[in-house]
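Engineer: Grab the two chains, each in its own frame, and use the hints to assemble them into the complex.
Chains L and E are the protein sequences, given in the same order. Here the numbering used here is used: the first residue of the first sequence is 1, the next is one more, and so on. Here the numbering used here is used: the first residue of the second sequence is 1001, the next is one more, and so on.
In short, the hints are calculated from the structure, not lab data. Model, not experiment: these values are computed from the prediction. Please note that the accuracy of each hint is not assured.
Calculated pairs, PhoX-like style, for lysine-lysine (alpha carbon to alpha carbon, straight line, at most 20 Å) [as the list claims (entries may be wrong)]:
id, chain 1, residue 1, chain 2, residue 2
1, E, Lys1007, E, Lys1030
2, E, Lys1118, L, Lys199
3, E, Lys1176, L, Lys203
4, E, Lys1118, L, Lys187
5, E, Lys1201, E, Lys1176
6, E, Lys1153, L, Lys187
7, E, Lys1129, L, Lys203
8, E, Lys1176, E, Lys1152
9, E, Lys1038, E, Lys1089
10, L, Lys187, E, Lys1089
11, L, Lys117, E, Lys1024
12, L, Lys173, L, Lys117
13, E, Lys1089, L, Lys199
14, L, Lys203, E, Lys1153
15, E, Lys1153, E, Lys1118
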Amino acid sequence: MVSIKRTTIRDHAHRRILKDKLIFGMVIFLSMVTISPIILIIAKLVINGFRQISLNFIIQNTPGTFEAMTAVANGELIPGGIANGITGTLLMVALASVIAIPIGVVTGIFLYENPGKFIANLTRNVADILQGIPSIVLGLIAYIWVVKGITNGFSALAGSVSLAIMMLPMIIKSTEETLKMIPQTIKEAALALGVPYYKVILKVLIPTGFSGLLTGILLGISRIMGETAPLMLTALGSTVVNFDISKPTSAIPLLIWEFYNDPNMVSLIWSSSLLLMGVVLLLNLLSRQLANSSI
Amino acid sequence: MKENIEKIKDPIISTRNLSIAYDKGNYAVKQVSVDIKKNSVTAIMGPSGCGKSTFLRAINRMHELYENIETEGEVFLNGKDISKMQVIKLRRMAGMVFQRPNPFPTMSIYDNVIAGYKLNGIHIKKKEKDEIVERSLLDVSLWDEVKDSLFKKGTFLSGGQQQRLCIARALAFNPKVILLDEPTSAIDPVATSKIEDLLVKLKKNYTILMVTHNMSQAARISDYSLFMYLGELVEYGKTKNMFTNPKDRRTEEYLTGKFG
Ligand SMILES: Nc1ncnc2c1ncn2[C@@H]1O[C@H](COP(=O)(O)OP(=O)(O)O)[C@@H](O)[C@H]1O
Ligand SMILES: [Mg+2]
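Next up, chain E with everything else stripped away, as it sits in the complex (with noise of 0.2 Å):
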């Protein structure tokens, strides 16, 4: 491994070479072989169209939904090759939080929340359904708020507690990594701050994997961080390190604003 990028002991997540194209040989993600650790916040930056969100939805396999994307290299979760899990495994112990909050418009807030388990059709019972939507709920801190109203549809609630709502829905299952895509970009700043200290709070029980556009976000919350350009992982590191001192010229450039 390159010099730049840090190794990690026991690592939740490992990539080996990990590369992927929308047109053939054309890559967005290039050779990123990165190891992420357990019960941190790793976040992901650089200037737009890097290739973060590419990298990270590689991670659930999402890409293999679009037939004309071609993933090459390895991804393990847990030790384990993503390739060969159930997709349904796989994306229930990686959880994904989208860039716009996006709750089912149809359900209400209490069916949004275990909606993984009712639109698999696992069947469990209403006590156990009871007690994952209040945990998950408070797991988002927006118990309090919705717990009277847990039958009003959730695309009723605020865009922060909308976006609450679908971090919990990710919860319910109860993953092993969230995975989020600029998960602060569509709301308001009060809204984000909330979800910046629930992510914080969550570390001790999740691995946190998120991209973010904004530098202090990533300064703030981040024990890790990975700085990508051009489909290239330029760097890895502490975030501390990273952000006081940065080992490559690019790095560097980005943070101090030169570009992105």
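If we strip away everything but chain L, and leave its shape as in the complex, we get (with noise of 0.2 Å):
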């Protein structure tokens, strides 16, 4: 009688191990599995890019067709650069930003201060619908607003204001989860102070949540600067550098999407996404650096 209970025991927990070997396997299995595209990606542009990369990909602008393709046949590396991406991400990221902080941080601070309302909840619904509408909607929706309404042709500002439209949202939803994570008691003890309610706000809670606040920015921006579509119909590109924001403007994905159209220039692809990528995986990591290191 005892032997055969024991036997039972014993085989239940053989089961038990075999089936927790079993289940650590396939987490294991998965987690490969998930990882592996970003892996086979940065493998990827490492090896087909990393070649075209040099100080005159950053300084120079695109090349014409024509001196791409003698180079390509002879077997040269393509002459010119990005430079054109490059400093239109930049203007248009930068206006989007002076566009989209602002005003996402007081409304954030809006929702943080009155949460039951009415008035506020319809704003949180909104910038969730806003989070939602695809972004070629939103370059739609900047091409009449601002190309056709305000610099009558293509132009950085239209390209700038559809990202702030996209980069809104996330600011507003940062600012106030960051808000909310910050005691009660640390307001509290500003007010027993008598410093009057602003104050609070800018010099103590803005304070506190600063790398919240900052965390949700960097978040924002890396989501923005590969965005293409919105861009299309709005920024258009350039073949030169241009910081008139009521001039059409080149971006680096859209470089990206012109390499991939024109043939002699498919190497110029690989390199372009990895400093894109690079860009950007370096502020996903910052942001979460200092997501970390927040209270």
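Structural biologist: Structure (structure tokens):
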């Protein structure tokens, strides 16, 4: 009787250990499946794109088709670079940030301050919906508002507006979430010192939640940096460096699209993607670092 | 006034029919009229939820930050109606210390002490700032422990040190009264006894009004005690008398541990 019982117990234990091992193996396998695309992508970009990256790649404009064709025919590296794209991306991301960050932070503060109010709930829902709108539609909106309405033609401003609308809900949400994480008692400590409310927000809440706010902003930037679709309808592209916000402007993702359409430029696709991916990855890591170091 | 409520001459704080409701008609503090003696330690006791914190926070008008809270009756500080005072003046005169130590996490120890000046944009000379910081930290017996690390973040200190820093932050404004809401409930016994000693020392220059969940703490350090029950002030008098000879049955039951 006793011995029978013991075998059953041991049997159960054995089965449990086997089950544990099986699940562990599955978890490892699935993790590999998840991370392998990103490893494969990075490997591909590095192998195919690294050769083209040099100082010239960063400081020169895109080459003409003919120059590229000659270089390819002679088996040389394609001359020129993507300076017009880099500066365009920087210009439009900066302008989009200038538009979206103040509006987003102020709106986030408003949501945090009036959690139950009808208008706050409405704003929160609108932000959610905005986040779900396909970026090409935002491009269309910016096309109608800015390209047709303000600059009378494709422009960096129009591109920035479409990117700003994309960035806005992310900043609103991260601001609200960050402020919610700050203990109420920190706020009360300042109020108990007689500090007026607006100063509590400016001098206590924002500095205390600063790394959280910055995290949201960096993630927002890394998100809009790679956007292509809305820029096709707004910024259009340019073969030269342009800092005039009322003129068509290039951007790195736009260039990648152009290179894709030109059989002579194919090898530039990889180097441009490598650069873009590197910057976006860096921003992501940086924001993760910040998020961990915050309260 | 009721017979179980001691009368005090020249009180620093007086409340008259003070009632406070979080929801309309639902009072957390009911018709409290009491006078607090200057340069004394007064303990507010009572079971959890009886309205101790609510009462304390009425004295520096913390309630007006929340729209739903309604306050009736009057509070006088140093003979003046607090509802007619400027908020900043009132809060400079009545410093507050909270249950959990709450130094500003972005500020150094030094800046935490003078946070009241910094955040309000009150400009004072560097020399004066140094003096205020040193005096306030000396007052809370923290100076020797932190004088070499004044520019480190306040949040690096231990819980007990942080709480003393928060008291120093209140003292920096040279207040008349210090309102403390269970200041030792979140810190260890050794740090607690340091803070208790400190409060007894501070009553020479300030009036201490402190909520405590801990009867023996009230017995150890307070001169007067206030016993609240379900929002009402049940009994108020010299701590010694209240502990040895409580007048109200509910006070007696609380002090003998029948509830709470
Ligand atoms: N912010 C609030 N909103 C609604 N009710 C509250 C709030 N704070 C306290 N109360 C209620 O008021 C009563 C008194 O609370 P409080 O003053 O915190 O008691 P104590 O400090 O004595 O434990 C309790 O019944 C509590 O539930
Ligand atoms: Mg309380």
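Engineer: Hint by hint, note whether the structure agrees.
Structural biologist: Quick rundown of the hints versus the structure:
| no. | hint | in the structure |
| --- | --- | --- |
| 1 | E:Lys1007 to E:Lys1030 | 19 Å, holds |
| 2 | E:Lys1118 to L:Lys199 | 11 Å, holds |
| 3 | E:Lys1176 to L:Lys203 | 26 Å, violated |
| 4 | E:Lys1118 to L:Lys187 | 15 Å, holds |
| 5 | E:Lys1201 to E:Lys1176 | 15 Å, holds |
| 6 | E:Lys1153 to L:Lys187 | 18 Å, holds |
| 7 | E:Lys1129 to L:Lys203 | 19 Å, holds |
| 8 | E:Lys1176 to E:Lys1152 | 29 Å, violated |
| 9 | E:Lys1038 to E:Lys1089 | 19 Å, holds |
| 10 | L:Lys187 to E:Lys1089 | 19 Å, holds |
| 11 | L:Lys117 to E:Lys1024 | 19 Å, holds |
| 12 | L:Lys173 to L:Lys117 | 16 Å, holds |
| 13 | E:Lys1089 to L:Lys199 | 16 Å, holds |
| 14 | L:Lys203 to E:Lys1153 | 16 Å, holds |
| 15 | E:Lys1153 to E:Lys1118 | 16 Å, holds |
Figure legend: structure checked against the earlier numbered hints; hints not met, in rising order: 3 and 8.
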